[in-house]
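Could you build all of it, start to finish, from the sequences and the hints given here?
Chains as they are written, first to last, in the numbering used here: chain A, 111 to 394; chain B, 177 to 447.
FYI, nobody ran anything at the bench for these hints, they're computed from the structure. Every value quoted in this text rests on a predicted model; they were computed, and no experiment measured them. Every residue, glycine too, gets a C-beta built ideally from N, C-alpha and C. A couple of the hints might just be wrong.
What the hints assert, rightly or not - Derived coverage of chain B by chain A (criterion: at least 3 residues anywhere in the stretch with Cβ under 8 Å from a Cβ of chain A; other residues may be distant):
no., stretch
1, 199 to 205
2, 248 to 257
3, 280 to 288
4, 392 to 403
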Amino acid sequence: MVEASYGSCTCGKVRRGVLDRLVLGLVDAESHALHAEEVAARPGLLQGVDPRIKLVALVALILGATATQSLLVLAMLFAGAVALAVASMVGIRRLSRQVWLGVLLFSGTIVVPAIFLVPGTPIAHVPVIGWAITLQGVRSAAFVIGRSETAATLALLLVLTTPWPHVLKALSSLGVPTAAVAILGMTYRYVFVLIQAATQMMEARRSRVMAPPDARERRRMLMTMIGMLLAKTLALGSEVHTAMIARGYRGEVRLLDDFRTRPADWLLLFGALAVPAVIMGLGT
Amino acid sequence: MMATAFEFKDVTFAYRSHPALNGVSFSIRLGERVALLGANGSGKSTLLRMMDALCFAAEGTATALSAPLTEAAMQDDRTNFAFRRRVGLVFQNPDVQLFNPTVMDELAFGPLQLGWDKPKVRDAIAAMLARFNIEQVKDRPPHRLSGGEKKRVALASVLITEPEILLLDEPTAALDPASRADLVGLLAREPVAGRTVVTATHDLDIVEDIADRAIVLSEGRIAADGPALDILHDIELLRRTHLIFEHRHSHGGHPSTAHGHLHSGIGPAEA
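Here it is in structure tokens:
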């Protein structure tokens with residue numbers, strides 16, 4: 111009798127299809143969200159700052175990083191972001207795995223040609239093919255990577271140290287249209303319901319499949335699942351709208367804003383706003 | 177004589193060509209506690225949604241608090257506001273009901289939509305958190321709550337505006353026994369001085385605690401309407417409307433102990 115073991119082969123390596131990888135990705139996204147909530151509850155430096163101030167301050171620092179023409183200033187901003195992460199009890203190992211490595215690989219791949227293509231002073235040659243690496247090319251690549259790493263670190267610090275609902279309220283109190291904030295809030299709320307639905311559909315499918323489906327069948331299953339999820343999303347959307355109407359919704363969302371700003375928060379804001387102001391003022 | 181909360185006369189409603197309500201007539205007075213009983217698909221949820229002006233009669237007339245329950249009437253902002261202030265519906269699926277990012281926002285939603293000022297909203301939230309024992313989850317997003325907590329928050333999010341009429345759709349659905357007992361206790365303790373409570377359910381165990389009158393629906397029609405205890409003891413009616421069923425079993429697998437029970441709601445009764 112031949113035993114079929116779905117999803118794995120005899121060499122011990124787990125082979126996963128598109129659907130399994132999709133579900134694992136969804137579950138992974140949920141675990142990231144759980145981790146973010148746990149970090150946001152820690153008694154760190156940024157966790158105690160008024161979310162509105164934090165949002166403006168970190169956006170100002172990101173603007174500073176993108177505006178500067180000095181690698182030294184960029185390095186200082188990156189070091190500052192790392193210091194903020196440490197003071198806010200955000201794990202450096204997680205930052206390096208979740209942000210720095212990914213950004214380095216992504217932006218690094220994009221800027222690799224620049225180190226050869228930007229004309230300038232040659233500083234080295236690639237063995238065998240003899241292409242020249244220019245100082246200006248390396249400098250351009252360093253700017254792109256440095257800016258991306260700094261901006262991504264600061265953005266992640268915002269979402270890791272601030273509960274998502276507070277980010278939404280901060281956006282609202284800073285003048286972002288309420289409808290846009292409400293849509294963002296509901297997306298965050300229902301993405302977990304849909305992740306759960308997708309996971310359950312996958313598990314139900316897996317529990318009834320006797321042998322690994324071929325590629326055509328897997329594609330058909332993926333399309334069916336996407337269609338089902340879309341139908342569920344539409345039905346859920348309609349039900350939620352009905353529930354909103356039942357509680358008095360008439361097209362305008364009102365939010366309860368209960369933030370408190372301390373003197374230290376204002377200090378952080380002025381410090382952060384000074385960075386892009388000084389950089390732009392100096393023109394470097 | 178008590179004023180009328182709802183008056184339905186020969187109401188019909190269909191989802192496309194599938195009839196959901198067919199010639200439904202009844203009247204509910206203010207302050208009554210009524211259970212809408214019926215098997216799945218009997219029309220309970222549709223009727224409840226119609227009572228909350230979320231869908232409207234295709235034929236017949238329906239009024240709530242002496243005002244017509246029509247789409248045209250609800251288009252008027254003032255009528256809609258007055259109605260929403262007085263009538264609250266707790267949906268069966270708490271994932272539909274709880275659409276805000278946190279429990280606090282959920283509780284604040286209704287009062288803010290009704291134009292309450294913020295200090296009053298904050299006071300009301302604090303009171304509801306204590307009353308429903310949900311203070312420890314106030315900053316949590318709804319997807320991190322247990323089934324029982326979701327139901328509590330859903331109930332609190334509607335009761336915070338102190339509606340005169342409370343509509344509940346299957347409040348005990350998908351709850352474990354402890355959460356179910358807890359919720360029924362909350363509903364039974366709920367100060368009902370003057371509050372009309374209409375509960376759609378097929379869970380007969382809870383009816384005696386939460387209702388004095390029962391309306392039984394079957395295939396979109398009213399099969400019975402009367403005191404809850406009388407309905408609960410009408411075995412033939414309950415069997416005919418699929419609210420109870422006969423279950424035969426034996427003890428220890430011995431054929432001589434084989435016997436039947438009627439299940440759901442009124443405790444085992446020898447068949």
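Hints, verified against the model:
no., hint, in the structure
1, 199 to 205, "violated (count 0)"
2, 248 to 257, "holds (count 3)"
3, 280 to 288, "holds (count 6)"
4, 392 to 403, "violated (count 0)"
Checked against the numbered hints above, the structure violates hints 1, 4; every other hint is satisfied.
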